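Protein chains in written order, with the working numbering: chain A, 220 to 726; chain B, 878 to 1184; chain C, 337 to 661.
Treat the hints with care, since some could be wrong.
[Claimed, not checked] Computed footprint of chain C on chain B; a stretch qualifies when at least three of its residues, placed anywhere within it, have a C-beta under 8 Å from a C-beta of chain C: (1) 988–996; (2) 1037–1051; (3) 1107–1115; (4) 1151–1162.
Calculated from the structure, these hints are not laboratory results. Being a predicted model, the structure only gives us computed values, none of them experimental. C-beta: ideal position from N, C-alpha, C; glycine also.
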Amino acid sequence: MTEAAAGRVVLDARGVAKRFGAVAALKDASLTVKAGEIVALMGANGAGKSTFVKILTGALRPDSGHIHIDGQESRFTSPAQARRAGIMPVYQEPSLIPDLDVGDNLRLVDAPIEPFRHWVDALGITNLRLDDTISQLPLATLRILDLALTLAKEPKVLMLDEMTAALPTDLVERVLTVIRGQADAGRTVIYISHRFAEIARVCDRASVLRDGVTVGDFVIEPGIEEKIVELMLGGVPTRAEVTGAHIRAVSSAETPRLRVSQLAAGSRLADVSFELRKGEVLGVVALEGQGQDELFDVLAGFRRAQGGTIEVDGKAASFGHPADAIAKGLTLVPGDRKDALLMLRSVRENIALPLLARPSKWGAIPMREEAARVTGAVERLQIDMRAQAEVRRLSGGNQQKVTIGRWVAAGVETLLLFDPTRGIDVRTKHQIYPLLRELAAQGASILFYTSELGEIPLACDRAIVIFGGRIVDVIDAEAATEQNLMRAAYGLTEKERAASSSAEARP
Amino acid sequence: MTRVLARYGWSLGLLAILAILLVATRLIQPNFGASGLDSLARAALPFAFATVGMGIVVIAGGIDLSIASIMAVAGVVAALLMHQMGDANAGWVVLIVLTRVPDIVVTLAMLFVWEGVALLILNAPGGAAAPWLRELVVGAVTIPGLPPELTSWLPRALVVLIAFVVIFWLPLRRSKLGLSIYAIGSDQHAAFRSGVPIGLTRVAAYGFAGLFAALGGLSITLSTGIGEPIAGPYLMASVAAVVLGGVALTGGKGGLLGPIIAVFILRTLRLDLTLLSVDPNVTTIIEGTIMVAVVMAGGLLAMRGRR
Amino acid sequence: MAATVETISPLSRVGRIVRENPVIPLVLLLFALIALLNVLQPGIFNERWVGNTIRFAMPLAMLAACQTLTMLTGGIDLSAGVAATVSAFVVATLTPLVGGPMAIMLALGAAVLIGLVNGFGVGICRVHPLIMTLGTGLIATGCLQVYQRYVINTGSEIPWFFEFLGTGRTLGMPNGLYLFVPFAILIIWGLRRTGFGRLLYAIGANENATRLSGVRSWQVLMALYTLSGLIAGITGLLYVGIIRAPSLSLANSLMLPSVAAAVIGGTSIFGGRGTYSGTIVGALILTVLGTLLTLLQIPEGARRLLFGAIILAVTALYVRITDQS
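With the rest of the complex left out, here is chain A (with noise of 0.2 Å):
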């Protein structure tokens, strides 16, 4: 380490900033790393890692700021130029394509082909074949290959994104080992990752994101997670008011609305078992990636699941198409907008959409209900109608309201709300969580995925807290403090647990 400390400075940013429309996702990063060392990238969800990763790499261009490499002021326009710069990432998604076999992977990007049989050798890789297909791989087998395919190739920058995630723990063990070898013999990481036992255990330093700005810069050193949970929070929490004493007495005897065993779809959703009861909002807690895309995707019908059961009303069900859910109560308000709504039509044609969806209803519309219908929920979610004729010119809270407005006009039993309120501006969130009281109050029962953690205590009663594809944390809206909260979705409550967790990718 003492080596680290005289290296030369490799990749310099500083004051990179990135705005999609009005969402500013980075409003002043920097980073700065040095021949020989690792250097852990840290945030929360949305703090902005991915965007600043993907700038460095190429992949987005920053709308300011600057970046140097060795030095010399770099603007990437493509992957491929920050490839040739010697910046060379290994993303979450496998890059290579999954109908060619290893060695076409290995020719598309140039590879050499005995480094590589190296690294796979040494990453624990063994009978690879060069002409094995990538689609027929595991994703543990597909993320090492990257791995070693970036690294054949001799980074200069090596930059790794949630690099373990997916991979059971000798890999594990492996991949810390060889990369920690590669700062050892000067070259560069940078490591993106939620797991502290790896950071601890690999990284020279942790460089904290917290929305938009890098917030600090750490040496790893013994109990330095603490610090770093409390600066990726910022502060004291904003704590807005808590609109009353919201937990209804709900007997645990009665009939839950929902009630999820055992769940695995995927990859990533491994075993998960919860209840929502009726009139219920119950909040869900995770990283990214955790299994939460998934276990919305197979309640809302959009894929099966690989094995566990879902009852609805203490009835079985299983849904192969989004209709099956509705028709059991289940509608979802995805995690993008437009995913959801049809940007081109009308607010009044985006919310009636559910309303006609079945053959019998496709004959002449009942104008004046629909129009009733429609008003009552424009009024109920207070949307802007200003810009009405096109969806796609209201403001992204508007938008939103747009698409949970939908299912107030159809009658809502059981929401399923992916990060409602992700880049959406403040008053809308404050108008959503008491529209999400309201509605629990009149019964609904309302999951709640949100990246938010702040969220937590406004809207929920309870949170469920997933952590590599389980349930590791059920906590109570009063406990739920955003320490707390972030302490059980970085696996902190329970340390064995989550160390034992990525053993459990292998199918």
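Mind docking chains B and C on chain A? Use the hints.
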């Protein structure tokens, strides 16, 4: 061995079907021989070129709807040029076609535009093919020094086809450009992250499709001796052959060997129906039904693959 | 990317007007073409010419309804021309054998069958609509040729009703309007005020969102292509009443113009946007343009080229001015 089987299993299966069909042809028509094979290969040649062109675009994740009308343009231009100026300028066609704009929606409009161009150039079948070029695709191969009996079963059209595919496709398939074509069809995001230039690769794929469509058009003119301005059923046939040949319509999967064999299967089937003296219109119906069924099955498979 | 968000360029302002009232500039274009025609051949513009233009624009507009409806979902129906021809040929050849009403039923049945197969392929097998409808068109043409063999000696007769619609006039206007006006009103109303119409727009605008709202799109697509077949069939009946000589390629020449009419009329080939009133004006424009091209003695090839270029240009223009990405 099992890996080779797994990789080429589909093509081998198609080859077996083709062999069975050829045997069936022989049974239906006992004197089906060298000349029959020659006319079969000649009839299949334009279809094969169209299929190769379409195959490349489909592997890249696109579809080219203007393929048949490009063939018509190339065919009539060639016929006209050769009629007026003798042998030389057939090669021009290739250049004309390489310059066109690539885009899926654009290809629909281009379908109509090329149709119009073909009709403008020649409003009724006409023109002529240069004799030495016709020689290239008509008849059997003769190799000096070998007795003709040995080579008489090998149609020249087949040799031309194999030659072009070997010259263009095999080096391409292994090259970085070829791999990039597979990459953008297979997973565009992964390809982008690996640094593949998406736009350029698409242009190249459509360019190759244009090239092969032009060759297809040329080969129609060469084998019939005149230019035909109305586009034949090559669009449908090439899509069907591509699907039957094991190339997924979602892109990224398959090669060109399968589709070429599929072309011969479809052609032999037509030949057999003709030899069985089935009404040619009924043959068209049967052929169309097979093609539509193949495409529908391909669509269902692609949907299952996406899940 | 410029950071200026609030400045509205003149182009985008024009785009907004065109988007909200697509029919207005189209009507202006129509009058400009008529004026040009009147300059080239003074005196051509009279009641008789207007009646004739409308008479030939009607079948085109009806066939273009097939394109409009399918394009709203992001599809197309290239078998519509063949379906119209099939229905026309069947009705003309069967009327002497089984009588008018029965022949009409059978003719429409054949057209609907083509639509059903399209709907199955597009909706359930998820084949690209272009490929699917092209394929059924090929098969239907083959079937028609075989069918012709069996009815070659029966002669042909067109039910009096369609002859009345196709050739008769009332107050100088073609009788076809008796069929066309209710048809057009039904389509315009259907697109605006029925659940089915709304779903067509919705599927074209964002199929994923439609799915999320509980719509099973195969049901919609199946019904849509069947309806498209039916409309094509009715068009064939009207057209054979106008032309009065059934042939095996009767309505095929309407195919390309029908696509062009829908595109010119403001229907987006990508789906989600368009109106039938725009398409009707588009059909009128193309009919007048056709007269103009004939007057200028433009050959068939140039005509196709021009129509193709129009589709390309209009699509590109709409993409530009509506900044649809």
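Hints versus structure:
Counting residues of the segment 988–996 of chain B whose beta-carbon sits less than 8 Å from any beta-carbon of chain C gives 9, enough to reach three: the coverage restraint holds. Counting residues of the segment 1037–1051 of chain B whose C-beta lies closer than 8 Å to any C-beta of chain C gives 0; at least three are required, and the coverage claim is violated. Check on the segment 1107–1115 of chain B: 3 of its residues sit with their Cβ under 8 Å from a Cβ of chain C, so the three-residue criterion for coverage holds. Taking a C-beta to C-beta cut-off of 8 Å, the segment 1151–1162 of chain B contributes 5 residues in contact with chain C, enough for the three needed, and the coverage statement holds.
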